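Please model the entire structure based on the sequences and the hints provided.
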Amino acid sequence: MSKQYEAAGVSLNKGYDTIKRIQKHTHNIGDFGGLFDLSQFKMTHPILVSGTDGIGTKLAIAKQLNKHDTIGIDLVAMCANDIITKGARPLFFLDYFATSYLKPFVVEEVIKGIVKGCQLSNAILIGGETAEMPDMYQQDDYDIAGFMVGIVDKDNMIDKNHVKAGDMIIGLPSSGIHSNGYSLVRKILFKDNNIALSKQIGQQGKTLKEILLTPTKLYVNPVLSLVEHINIHSIAHITGGGFYENIPRALPDDLGVIIDSEKLPNLPIYNYLQDISNVDKDEMYHVFNMGIGMILIIDPSDETPCLDILRDEDARVIGHVTHTPGVTIR
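Be aware that the sequence shown starts at 21, since it is given in the working numbering, and climbs by one per residue.
Keep in mind that the hints were calculated from the coordinates and are not lab data. Note that the structure is predicted; figures quoted are calculated from it, not measured.
Label pairs and their calculated CB-CB ranges: (1) ILE278 to ASP161: 39 to 49 Å; (2) PHE125 to GLU265: 34 to 44 Å; (3) HIS182 to LYS283: 20 to 30 Å.
Ideal Cβ placement from N, Cα and C applies to all residues, glycine included.
What follows is the structure, given as structure tokens:
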């Protein structure tokens, strides 16, 4: 065993231990390349759809609480929720885990979350990379990124050019903050106000610890079920940039939307963050999902069947498409 490599800060033994732990939860891990057979899909014109993302400074909360078993779900969700905006079915996922020095237990907890996220997406974890890089990170810090690939028949691919003025906007509630805006969240809570993670928020009495590590909701199953019955004109995943950045990405350049803020879910955490800070309402919509993690744009004639199919998701009409470009929130 290389004593010089150990002296440089890289533990081969911990690396081997980490691989063994990961292999308990996955398959096909250890080869140089992950394989996936596409011959099972009988499509006229198959299109692969890919997406990559991380989960940002939500990792700092996981580190602070020493709780790492849910953020892997966030990682998968951020990627899977992106590719289903094209109507793509998730196929496989790869991850990248980088740290100053390996803690095999922490890596295993993260991977368990990734595997759970893949199961919820009907996808598989097909490979990944773990990198131990002393001097690149602080002692207990780590970062993770992921990459999801899905498939859709070209004839069934969702195309935003089908959107027209008068279309309805259906909102799918979020599970909370999801994985965006945590730099602002942490500034408000911990740097500006020194709020304890044990503090209870809202009438249901959830603590900040529970709220801040609630995983990003996966919309794969409800959206793909809807695609089979409804001609969805466009979909937007509400992530970093909130309503103002993400919704226009799902529209032709000459169209915009009006959002009725009264129709959005009332998440106590957003009220609390605004109450203890000087962040105005407009900036909140620029940063956070404000209780809506995904929007679907449909023809008005499809409103009733759409809401019926999504009845278990608490879906609701939150606005409509207009001829005026941009996002207007009333």
